[in-house]
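Required output: the full structure, derived from the provided sequences and hints.
Under the numbering used here, the residue at position 38 of the sequence shown is numbered 38, and the numbers go up by one with no gaps.
Hints are computed from structural coordinates only; laboratory data are not their basis.
Treat each hint with caution, since some may be false.
Unchecked claim - Calculated cross-link-like contacts (lysine to aspartate or glutamate; reagent style EDC-like; alpha-carbon spacing at most 16 Å): (1) K92 to E34; (2) K41 to D75; (3) K92 to D12; (4) K66 to E81; (5) K41 to E16; (6) K92 to D37; (7) K92 to D63; (8) K41 to D12; (9) K66 to E91; (10) K41 to E89; (11) K41 to D63; (12) K41 to E69; (13) K41 to E91.
To be verified - Simulated DEER-style distance windows between Cβ atoms: (14) A9 to T29: 34 to 44 Å; (15) I23 to P93: 40 to 50 Å; (16) P93 to E27: 31 to 41 Å; (17) E91 to I23: 20 to 30 Å; (18) D75 to D25: 18 to 28 Å; (19) P93 to Y28: 26 to 36 Å; (20) D21 to P93: 15 to 25 Å; (21) W56 to E85: 13 to 23 Å; (22) Q48 to C13: 35 to 45 Å.
We put the CB at the ideal spot given by N, CA and C, even for glycine.
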Amino acid sequence: MEELATLPAGWDCVTEHTNYDSIMDREYTTVAYEHADTGRKVFINDVQEPNSFGGWGYLVRADGPKYGELGLVEDIESAKELAMEFMNEYEKPN
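Dropping the structure here:
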């Protein structure tokens, strides 16, 4: 997968892979970013959209009770943009 843009200072992509599930006959993508100083993580995962048997999307979430779900979008590019927005706005705690 192509990297969307240069990550903000302090952030690294620690996981980016796609696995194939033969039972569901589809691929699942997982992306994780981590802030080097704080350990804060942002995750992107394929998920089945609520109340939908056929719809799939990408859930973007940050760890910790203060953040949680950042959004559910239709494509990986939008998911990476949403994660990038969070990382750009994230301020390291004092």
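A quick look at each hint next to the structure:
no.: 1; hint: K92 to E34; result: holds (12 Å)
no.: 2; hint: K41 to D75; result: violated (20 Å)
no.: 3; hint: K92 to D12; result: holds (15 Å)
no.: 4; hint: K66 to E81; result: violated (20 Å)
no.: 5; hint: K41 to E16; result: holds (13 Å)
no.: 6; hint: K92 to D37; result: holds (8 Å)
no.: 7; hint: K92 to D63; result: holds (14 Å)
no.: 8; hint: K41 to D12; result: holds (10 Å)
no.: 9; hint: K66 to E91; result: holds (13 Å)
no.: 10; hint: K41 to E89; result: holds (14 Å)
no.: 11; hint: K41 to D63; result: holds (6 Å)
no.: 12; hint: K41 to E69; result: holds (12 Å)
no.: 13; hint: K41 to E91; result: holds (13 Å)
no.: 14; hint: A9 to T29: 34 to 44 Å; result: violated (25 Å)
no.: 15; hint: I23 to P93: 40 to 50 Å; result: holds (42 Å)
no.: 16; hint: P93 to E27: 31 to 41 Å; result: holds (36 Å)
no.: 17; hint: E91 to I23: 20 to 30 Å; result: violated (42 Å)
no.: 18; hint: D75 to D25: 18 to 28 Å; result: holds (19 Å)
no.: 19; hint: P93 to Y28: 26 to 36 Å; result: holds (32 Å)
no.: 20; hint: D21 to P93: 15 to 25 Å; result: violated (38 Å)
no.: 21; hint: W56 to E85: 13 to 23 Å; result: holds (22 Å)
no.: 22; hint: Q48 to C13: 35 to 45 Å; result: violated (25 Å)
This entry does not satisfy hints 2, 4, 14, 17, 20, 22, going by the numbered hints stated previously.
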